[in-house]
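Engineer: Sequence:
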Amino acid sequence: MQTCRARSLCASGLALLSFLVSHVPPGWAQGGATPPEKRAGPTTIEALSIEGVSEFEVTARGSVELRRDDISIYSEQLRYNREFGRIEADGGVRIERDGDRFFGPRLSFDLNNDTGFFEQPNFIMRRNQTARGSAERLEFLGRNRLRLTGGSFTSCEPGRDDWSFEARTLELDFDAQVGKVRDGRLRFFDTTLLAIPAGSFPLERTRKSGLLTPYYSQNTRRGLEIGVPFYWNIAPEQDLLLTPVYMSKRGEQLKTQYRYLDRSYSGELRWDILPSDKELGVRRSAQSLQHEHRFFPGWTGRIDYNRVSDDRYFVDLATQLRQITAGNLLREVFTQYNGSIGTTSYALQARVQSFQTLQDPLAPIVSPYRRVPQLNASLLQQSFDGRLDISVPAEYVRFTHASLVEGARLSLDPSVALPLQSPGRFVIPKIGVHHVDYRLERVAAGQAERQGISVPWASVDAGLIFERDVRWSGRSLTQTLEPRLYYVYAPYRSQDSVPLFDTGLADFNYAQLFTENRFAGGDRFGDANHVTLAVTSRLLGATGEEVARATLGQRVYLAAERVGLTPASPLRGRGQSDALASLGARLAQALTIDGSVQFNTEQSRTERYAASVRYAPEAGRLLSASYRFNRDALRQIDVFGQWPIAPGWYGVGRYNYSVLERRLLEGIAGVEYNAGCWSFRTVFQRLQAATQTTSTVLLFQLEFNGFGGIQSGDVTDFLKRHVPGYAATTPGSGRLGASDPQPRLPFEQVF
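Numbered per this note's numbering, the sequence shown spans residues 408 to 1158.
Any given hint might turn out to be false.
Claimed, not checked - Dumping the calculated DSS-like pairs for lysine-lysine here, alpha-carbon to alpha-carbon at most 27 Å: (1) K615 / K656; (2) K662 / K685; (3) K656 / K685; (4) K615 / K685; (5) K662 / K1127.
What the hints assert, rightly or not - Simulated restraints, written as ranges between beta carbons of each label pair: (6) R1035 / G1058: 17 to 27 Å; (7) N745 / D505: 45 to 55 Å; (8) R882 / D903: 27 to 37 Å; (9) P604 / N745: 54 to 64 Å; (10) E659 / A986: 16 to 26 Å.
It should be emphasised that the hints constitute simulated quantities derived from the structure, not laboratory data.
Being a predicted model, the structure only gives us computed values, none of them experimental.
Every residue, glycine too, gets a C-beta built ideally from N, C-alpha and C.
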């Protein structure tokens, strides 16, 4: 027997002992045997005192440290059996492996198969997310399996157990990434929020069948709403979410979401059904199908189908403004093929399209035409070494309607352009013709069933670009001056007898100043004899980023317009159009301003303008305000932001108000608290659901780092949609932004 009482005197003895206790399989020592795929490394022991009881067993005392591969065991006393790989450790025992640490008074462990148990342990695990806890007993069931009996864990810092999860038994399998629990309880301070008799859950953000977090909300249209989602992971490429919902004012509803994915296609099917609305006494439902398909390179297709049972479905049962304001629900089948031959590229498209129009009795709208079908073909060719651009788009559409004139329209819009470009200048002359043929049905008296119109046109687009170096706010910048001239001519062709299937007057904006046709759609091509004068100036940084921009443009009419949407439509005479101007600048790294104005020079009045300012110095600090004005049509204030109001506390809100209508379109007020290991959000929203109908909803979310949460829907996603630039605090770090660099799964799995 040999005893070492000082580490400095035992170096040679420890080296010899390390060799003696190193586990070398007998087969590996014999040259003729095949070595195993992986063998254990040497086992080393350091201590103040080491005694060799026999050839295969040693006892170490005093600051004992045992190491093998990636596992380290520390204790005051340790007995190691080399033959069987067994360890018995007592007194301040600690195990470290893969970032995990376990502490306790006594350990029994088998190094060969990674099994054993710990009595009264505490632990810190960092495999997926940092968590600490304790248990009456911890069993090691293999390299990556643990079982805790009478255990609890939390992600809070030591000394503050704001929340904890307790269980009679908790088994963690890191190979399968699955946890199993019996008699579990989620406690928040002294309150039990959730009891789980038995269940399983994923240890990573992976998909697993089971119940998801229930959600609750309070809404003036639906009352108290409680949903319990069930997630079914059908296959790696398919899943299904079933959510039974109880609404105190409406009754029971079932929400269904089915998703599928393949190499060549993907899609999502939603089907919500309310068998009997308590207030209306009728069956209500909504269906939606989105399908994307890639048949082969260049050929794609999609299906977009939406339907609801009644006009007020979204008013009563939706929470999103984009759903509530949906006047026409799209139903469309579309396919497209893109290809090329040499320098000629082409595209072929086919579409069948209709809409379900949701009517507001106080603001009725006309249903759009159905397109059954719509066929498009376009060809673009660059000839003479790219000096000539030839474009030939063609379209055939059959329009149908329940009460209006119907018919088929065939249109052809060939054009030829000659781009003449060099650094600092460009001139692009272009000629084309708009030709359209109609075959009409259900026409008015005196209206021809067959009509055809051809409108030739020509345009010239020219511009210069000047640059100079300037200094602004201590920065070296490049300033540009970009004058531009655009002229277009198209003769008058009478089009009063042609119906309006899909055509309206295009919005008058800066981009529209440089287009051949003032109408959007194929039923009108405006006569034109006007010139556009415009100038743009920019301030560019050293890397080309735009620091500031100013534009000014105006159209001069050399002849009066004669083509209108209808014979009664107002037309412009000779003279000048409204002047358009815009200004945008980044005044500081976090401060930007933007504004635009349309000014009537003939009547010396402003027709439209918009102004906005945005200040966002960092994530979680955002202030934005804007005002939009359109004479006799629109006057809206939109203010939103997120800002810290106290340590750990953030305020978030939005105020969207119509001055003209004197009503709130959307109001949001909320607070968020980040305690480090948990966070809480609550949001109040008031929404204009219809002309004289408002909807009020209260949302909340209690999120526990490393566990999950209890919520009334996805509050974080709600705020990101309604408050542009919103950044959620990350539980566990106090930082702002996403909780991890990986994309968030659509379904948050808990049990």
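Engineer: Hint by hint, note whether the structure agrees.
Structural biologist: Verification of the hints:
The suggested pairing of K615 with K656 is violated, with an alpha-carbon distance near 33 Å, which exceeds 27 Å. Between the alpha carbons of K662 and K685 the distance comes to roughly 17 Å, so the proposed pair stays at or under 27 Å and holds. Between K656 and K685 the alpha-carbon distance is near 6 Å, which keeps this suggested pair within the 27 Å criterion. Restraint check for K615 and K685: not satisfied, since their Cα atoms lie roughly 35 Å apart, outside the 27 Å limit.
Between K662 and K1127 the CA atoms are separated by roughly 23 Å; this keeps the pair inside 27 Å, and the hint holds. Distance hint check for R1035 and G1058: the Cβ-Cβ separation is about 25 Å, which falls inside the suggested range of 17 to 27 Å. Between N745 and D505 the Cβ separation comes to about 50 Å, which falls inside the hinted range of 45 to 55 Å. Between R882 and D903 the Cβ separation comes to about 57 Å, which falls outside the hinted range of 27 to 37 Å.
For P604 paired with N745, a C-beta distance near 57 Å keeps the hint of 54 to 64 Å intact. For E659 and A986, the hinted distance range of 16 to 26 Å is not satisfied, since their beta carbons lie about 59 Å from each other.
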